[in-house]
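K.L.:
Residue numbers (this note's numbering), protein chains in the order written: chain A, 2 to 115; chain B, 38 to 151.
Calculated directly from the structure, the hints in this document are not laboratory data.
Incorrect hints may appear among the rest.
Quick list of the computed label-pair ranges, beta carbon to beta carbon [unchecked claim]:
1) A:102 / B:104: 15 to 23 Å
2) A:40 / B:76: 44 to 52 Å
3) B:132 / A:19: 34 to 42 Å
Glycine included, every Cβ here is placed at the ideal spot set by N, Cα and C.
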Amino acid sequence: AQSVSQHNHHVILSEAASLELGCNYSYGGTVNLFWYVQYPGQHLQLLLKYFSGDPLVKGIKGFEAEFIKSKFSFNLRKPSVQWSDTAEYFCAVIPTGGGNKLTFGTGTQLKVEL
Amino acid sequence: DTAVSQTPKYLVTQMGNDKSIKCEQNLGHDTMYWYKQDSKKFLKIMFSYNNKELIINETVPNRFSPKSPDKAHLNLHINSLELGDSAVYFCASSQLSTLHDTQYFGPGTRLTVL
Numbered sequence: 002a003q004s005v006s007q008h009n010h011h012v013i014l015s016e017a018a019s020l021e022l023g024c025n026y027s028y029g030g031t032v033n034l035f036w037y038v039q040y041p042g043q044h045l046q047l048l049l050k051y052f053s054g055d056p057l058v059k060g061i062k063g064f065e066a067e068f069i070k071s072k073f074s075f076n077l078r079k080p081s082v083q084w085s086d087t088a089e090y091f092c093a094v095i096p097t098g099g100g101n102k103l104t105f106g107t108g109t110q111l112k113v114e115l
Numbered sequence: 038d039t040a041v042s043q044t045p046k047y048l049v050t051q052m053g054n055d056k057s058i059k060c061e062q063n064l065g066h067d068t069m070y071w072y073k074q075d076s077k078k079f080l081k082i083m084f085s086y087n088n089k090e091l092i093i094n095e096t097v098p099n100r101f102s103p104k105s106p107d108k109a110h111l112n113l114h115i116n117s118l119e120l121g122d123s124a125v126y127f128c129a130s131s132q133l134s135t136l137h138d139t140q141y142f143g144p145g146t147r148l149t150v151l
């Protein structure tokens, strides 16, 4: 079975700071990778996803993530965060061709201060 | 138009009661899911239905019974509610595919058992 680790549980940044959230997964085969965001009191929204091809994927709101297969990682980045980026961020993985069981990491709470 | 909708948004009830949560998707997807998000924000899949057929059934008490009258609807009925059932329940949907399966989430139902 696959698993996902997000090592940063709480991150506090000032506006305009750069962001990198770590995500590592454990699975022996190929996977599809996702980052979801949950703004306070809201539902999960898809930020970006990786299926194949260019390992650097760009998502909404200036976010990007890089898939490094050798490190089993899919870290999320943003060059300059805004106060409105305050939210919970979830990394998720699903095996390619192995059903549709999406496994989530434990989430990272990001707080951006003015 | 809301892609994945759930009702009710909030549900407060007493221990021992039976309650249902409804989910509808208008994305034309063939697969729907129920996830539970606990107080620590951890998300875990409970059930998945593909074309009205149960395909994922995680270790969930049999007090929880999903029902899918058609592929656009997936309801969750919970019998004999317990304090530990308090959580946010998210419905999601996707078009089942071996390569490009992306799940879209509803707004969530916050269940509080007193």
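K.L.:
Mind checking the hinted window 44 to 52 Å against the Cβ distance between residue 40 (chain A) and residue 76 (chain B)?
P.N.:
violated, 18 Å
K.L.:
State, for the Cβ atoms of residue 132 (chain B) and residue 19 (chain A), whether the hinted interval 34 to 42 Å holds or is violated.
P.N.:
holds, 35 Å
K.L.:
Check the following: the C-beta atoms of residue 102 (chain A) and residue 104 (chain B) are separated by a distance inside 15 to 23 Å.
P.N.:
Holds - the Cβ-Cβ distance for residue 102 (chain A) and residue 104 (chain B), about 20 Å, lies within 15 to 23 Å.
Violated hint: 2 only; the structure is consistent with all others.
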